[in-house]
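Engineer: Going down the list, the protein sequences come from chains A and B.
Its first residue numbered 20, the first sequence is counted upward by one per residue in our numbering.
Its first residue numbered 24, the second sequence is counted upward by one per residue in our numbering.
Think of the hints as simulated: they come from the structure by calculation, not from any bench.
Glycine is no exception: its CB is placed at the ideal position from the N, C-alpha and C atoms.
Possibly wrong hints are sitting among the right ones.
Footprint (simulated), chain B over chain A, 3 or more residues, beta carbon under 8 Å [claimed, not checked]:
1) 22-33
2) 51-64
3) 70-83
4) 126-138
5) 154-166
Straight-line C-alpha distance at most 20 Å; calculated EDC-like pairs for lysine to aspartate or glutamate [what the hints assert, rightly or not]:
6) Lys337/B - Asp178/A
7) Lys303/B - Asp421/B
8) Lys67/B - Glu77/B
9) Lys442/B - Asp109/A
10) Lys33/B - Asp297/B
11) Lys187/B - Asp162/A
12) Lys67/B - Asp140/A
13) Lys172/A - Asp191/A
14) Lys442/B - Glu147/A
15) Lys67/B - Glu55/A
16) Lys185/B - Asp191/A
17) Lys67/B - Asp68/A
18) Lys185/B - Glu69/A
19) Lys187/B - Asp178/A
20) Lys152/A - Asp162/A
21) Lys206/A - Asp194/B
22) Lys337/B - Asp140/A
23) Lys337/B - Asp191/A
24) Lys206/A - Asp297/B
25) Lys67/B - Glu147/A
Non-contacting residues of chain B with respect to chain A, defined by C-beta distances greater than 12 Å in every case (computed) [to be verified]:
26) Gly60
27) Ile102
28) Ala257
29) Glu299
30) Gly386
31) Val391
32) Pro484
33) Gly488
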Amino acid sequence: MAGWRVHRGTVLGLPVANIDTDQLIPARFMSVPRAEGYGSYLLHDMRRDEAGELRAGFPLNTHSEVSVILAGRNFGSGSSREAAVYALVDAGIRAVIAPSFGDIFASNAVNNSLLPAKVDDESYVALEASLAKGPQDVIIDIDTRTVTVGAAKIGFVLDDSWAMKLINGWDDIDLTRNHGGAIAAFKRTRSQTAGWAWPTAKE
Amino acid sequence: MGVPQTMLDKLWAAHEVLRRDDGVSLLWVDRHLVHEGSHHAFAKIRERSLSVAEPALTFAVVDHYAPTRGRSQIADPRIARMIDTLRSNATAHGLQLFDLDDPQQGIVHVVGPEQGLTLPGLLINCGDSHTSTHGAFGALAFGIGATEVAHVLATQTVWQRKPKSMRITVDGTLGPGVSAKDIALYWIAKLGTDGAQGHAVEYAGSTIESLSMEGRMTLCNLSIEGGARLGMVAPDETTFTYLEGRSYAPKAADWQAACADWTALASDEGAGFDREVQIKAAEISPTVTWGTSPEQALPISAAIPDPADVAPEKAAAARAALDYMGLTAGQTLEGTPVDQVFIGSCTNGRIEDLRAAAAVLRGRKAKVSGMISPGSTQVDAQAKAEGLDRVFTAAGLDWVGSGCSMCVGMNGDLVGDGKRCASSTNRNFKGRQGRGARTHLMSPAMVAAAAVTGTLTDVRPLLRGRGA
C-alpha cells in the first residue's frame, strides 16, 4: 500500500446525507473477486438506470477526473463491507470529505489508503456552496490536515494514528508480527486466568 | 477499591495485549466468526502465504448466500462459488464449518449464541456490522472490515482505539405489543442514525433486565443502526440460564468459575459514562420506519412527516425518502398497503420472534404473500416442534430455510422494484432488499399484523384476547 501526504485533484460535491455502504456498492456485486475491479459498481443504483446505463444527469458520470468527494453526514454507515471502499478506490477516489463517517467504514478506508476527512458543519456548508456549480481543483494535505479549494483553506480532523498509516502506507499485519512475543505471552496468561474463554470440545 | 469501572473498561483491560503511545490498543480476539463474505480476507492472507493463527478459535458459517430453497442443487453459479470458496478456505485452514446441511447452520449471529460459542467476557469479531448482537451476553463484540478480518486471521488480534462509553437506561414495563425492536427504533429515531457514533453502548435499567436473551440480542444487534461501535448488556441469571449446557459453553467446575467471573463484569456502582440517555418504557409504542434510514421511524399511529416540519438539516433526506418510498406527507402510517412481508434475519429470526408473530397469525389468513426464514436450522426445528411453521403456512405464508435471506438479498431472495415490504430486518436503506425495494422495519409481531390486514397495522388490537 503506497503512502501519501498531499493529493492534488478534483473534488465533486455529492451533498447527500447517510450514503450507506449498501448504496456505495449494492450487495449483488459483492461476489466479484477484487482483481476484476470494483470501480464500475460505485454508487451503482444512483449512477445507472434500470438497464445499467449511466444516467446523464449524475455528476460523477460526467466528471471522470473526480478524485475527491464531498458528501453529507454519516457517510459509509451500515454494513461493514470493505467492498464499499474498494469501489471508491477502484474508481480513482483518494479522499472523502464529510461531517461524519460510519466507524467501520472509516477504519476500512484508512486500511486502503482512502482518506476519511471529517470537517465541521460550518466548513461542510461552505465547501458545499463552493461546489454547487461543479467540481473544483482541490489540494489535500494530511500533515497540515487541510483541504484547499480555490482561496478557501479548511481544516479537517483525522486520528494521528490514521494519519501515520496513510502517510507511511503501513500494513498492520507487518506491524503486529513484531509483537508476536507479547501476543504469545498474553495468550498464555489468558488461558490460565480465563480458561473458559476457550471453546469446549464438542461432545 | 480503585476507581469504579464500566463494563467496557473491564472488558477492554481483559483483552489489551498492549497499548501504543498513540493510544491505540492491540486486543486479543477470543472468537472469530467468518462467512462467505470473508473471501477477500482469505485471499489477502493467501497472497502473503500466511496461515490462520488460531483455527480452534475461528468458526465459519454459511449464511449470507445460503439458499432458503433447493439447497442441494444451487442454480446460481455465483452463489455456489461463494459457498464453495468458504468451504475450501475452511478446509485449507482447518476451521470448523457450519455448512448448509449442518443441523447447527444458521445466521452467524444466531448460531454463535445458540451453540455457546458466544459467552460473556469474550472479545468477538466478525466481518459483519451486526456482530454487535453478541454484546447481549456481556461480550465485547464488533464488526470489522476485510483488512481487519485478514489481520485477525493472521494474528488473532485487532487494533482498536477504545470507544467512548454511553449508557442507555430504559426503565419501566413495556406495553402490550411493544418489544426490543421498538426500543431500538425508538432510541435511533430519537438520537439519529449517527447518534452513538464512536461509542460503545451499554443498555441498562429495569426494562433491559426484564428482556429475554432474544430481546437483548435484537437490541444489541441494532446498536450499529444508531452508529454505535457495539452494544452490550451486563450478564445476569437470564444470560447464564440461556447458556448453560450449550454445546461449546464451559461445563461442570469450569462453568461455576466462569459464572463467578462473568458476574463481576457488570459496571461498578458509580462508574462514569461519557454519555447517559434515559428512556421510559411507557413512552415506546409499536414503531415502524417510513423512510430509508432507521432513524426515520415513528409510532404506528403517527402521520408520515412533512419534510417542511422536520429539522432543516434532515429535510432533504426526508423528501428523498418519501419520494423513494412512494409515500405522501400527512398520510397515516397505519393503513399503508404492503405487497409482501418478511420475518427473519439476525435481528428478529429467533424462536421468540417466531412465537410473537405466530401469536398474531394463529387462525388468521395473510392478505399478502410473504416468507418466514428462521434464523438457524435449530430455530427451524424448534419452531416445527412447537407447530409454529404450520401457523404461518396455514395463513398462506412460505416457510423457508435459514440464512440472511431477504434482509440483504445476496442469496437471491429479493423484494421487487417498487414493492413495499413489512420486514423484521435491520436496514431500510435504498435498494437493501433489492433495487427499488421499499422496506418498512418493524417487530415480528407488527409484520404479522401487516400480513393479516395487508397494510401497516397496529398489532395491539389484534392481540386482544390472545396470550401473546
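Engineer: Of the hints stated earlier, which fail here?
Structural biologist: 1, 3, 5, 6, 7, 9, 11, 12, 13, 14, 17, 18, 20, 21, 23, 24, 25, 26, 27
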